[in-house]
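K.L.:
Assemble chain B onto chain A, guided by the hints.
Residue numbers (my numbering), protein chains in the order written: chain A, 13 to 278; chain B, 13 to 278.
Hints were generated in silico from the structure; no laboratory data involved. Model, not experiment: these values are computed from the prediction. Heads up, a few of these hints could be off.
When chains are identical, the list treats them as one kind, so a pair holds in a single copy or across two.
[Claimed, not checked] Result set (DSS-like, lysine-lysine): computed pairs, CA atoms no more than 30 Å apart in a straight line:
#1 K157 - K269
#2 K153 - K79
#3 K276 - K79
#4 K157 - K272
#5 K267 - K79
#6 K119 - K157
#7 K190 - K157
#8 K157 - K77
#9 K269 - K173
#10 K153 - K276
#11 K269 - K205
#12 K119 - K276
#13 K100 - K276
#14 K173 - K205
#15 K69 - K276
#16 K230 - K267
The residues making up each chain are set out below.
There are 2 protein chains.
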Amino acid sequence: MNNSERPIGIFDSGLGGLTVFKELRALLPGEDLIYFGDTARVPYGTKSPEAVRSFSKEIASFLLKKKIKLLIVACNTASSLALDEIRKLSDVPVQGVIQPGAEAALKAAPPGGRVLVIGTSATVNSRAYSRALAASGAGVKVTEKACPLFVPLVEEGWCSKPAALMAAREYLSGFRGKADVLILGCTHYPLLKRIIARVMGPRSRIVDSARAAARSAKAALEARGLLNRARFGSSAFLVSDAPERFSALALKLLKIKTGKVAVKRF
Amino acid sequence: MNNSERPIGIFDSGLGGLTVFKELRALLPGEDLIYFGDTARVPYGTKSPEAVRSFSKEIASFLLKKKIKLLIVACNTASSLALDEIRKLSDVPVQGVIQPGAEAALKAAPPGGRVLVIGTSATVNSRAYSRALAASGAGVKVTEKACPLFVPLVEEGWCSKPAALMAAREYLSGFRGKADVLILGCTHYPLLKRIIARVMGPRSRIVDSARAAARSAKAALEARGLLNRARFGSSAFLVSDAPERFSALALKLLKIKTGKVAVKRF
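Pulled out of the complex, with its shape left as it was, chain A reads as follows (with noise of 0.2 Å):
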């Protein structure tokens, strides 16, 4: 097999990482995509640095064994944690998020500019996107912000229910009209934009670290000649439980049509 025609892998905590998955399907068509959520796990944001790095390792393993060209890990907990521990496994290119989500959330700020970054309690504990901002030299300010309940209130699939307005308001209300960009720090929050767009108000960029990451893949294959440039790509599903709840969610939440659902179970 041309190593062009290899499969791009992706994974995430659980169905989050799906919005990095639908966005990388519309910017690259012809390539051949292998999904694994670890339905079983998940959340991971509230559990420890270790754990995460533990599950995070063996899911790349799994993953590295079917011959992929580029790994991504969908998910912001994971990409914090775990992304040094994944690179020293594997031998082609791993991308995490939040590099891209920071380097989106630079272009959109105004210099000086003030970026609040919202994710899970274990990334904001990590600090990543503060690391991955100051890197930059480019002297943004930056708050990070952790919002615990918006993964299983998209889980839930209350994506526009009041109890979500009133769990964003909970978090974000203290900061409306004092932040220039947003930054969505975890692949679930693109679901709830509308809402955290509305409590944030207009004067603050919302930067989807989702989208950011799927263009970011879209320019690793470029440089290194690896794009596969097949008419329609196939894709493929794994999770490590309870795969007709996630097939019914990727429809409800993101119009996504999974087709039968593989368990690999950990």
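P.N.:
Structure of chain B alone, referenced to chain A:
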């Protein structure tokens, strides 16, 4: 060691079972209690029966090695899906929370009354409460309703926030005035009792399966002559991940001082 001096083992998917622990500690001050919370894999309520059974058996085997005299499955999801299989592993009595909760509801309900059971998706899908209530022959009318966001709301410590009230309205306002008895069929839910009562209205009596389970455990030990008459029992806490977070939430939500929490990874 005299059999009555052996400890009681208790487990839950996370910290919800601490509502049972707290009732037990008050009812049985002389008992040594060992609590295990499966914080690496919490929540159980959205996972498959196979996953819940596999996790529950692992934990039961671990606790049985500690020479306990009674094992309490302080998780409705595990009780509804894994109790029979845990009993096969165990040489000591195993008690769940479903049967005691159902019995308490039958005492509270008028003849032929309407019982509403709320719980996780997995508990509701198992129909374990419906079966237990039907087996009594009391002829009550049973409805079960899954409320998946209640566990994450409690784990976030938002027991009296507007988002919790909105979630309770979304799930329960259609049942206001239409249930004689409401069973809190998840050990997290007693922490939301005030909000749930507000939405249900004054005509519904609320039955707490955590309290019923603790009373039933006391009766089981009494019947077997296994009560520990010591003045003060010890309390030990173990989790599968993130012990500091568990300890902080136990204090915040239930005013339980855990001391050092040990970690056992699976």
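K.L.:
What hints, given by number in increasing order, does this structure fail?
P.N.:
2, 8, 10 and 12
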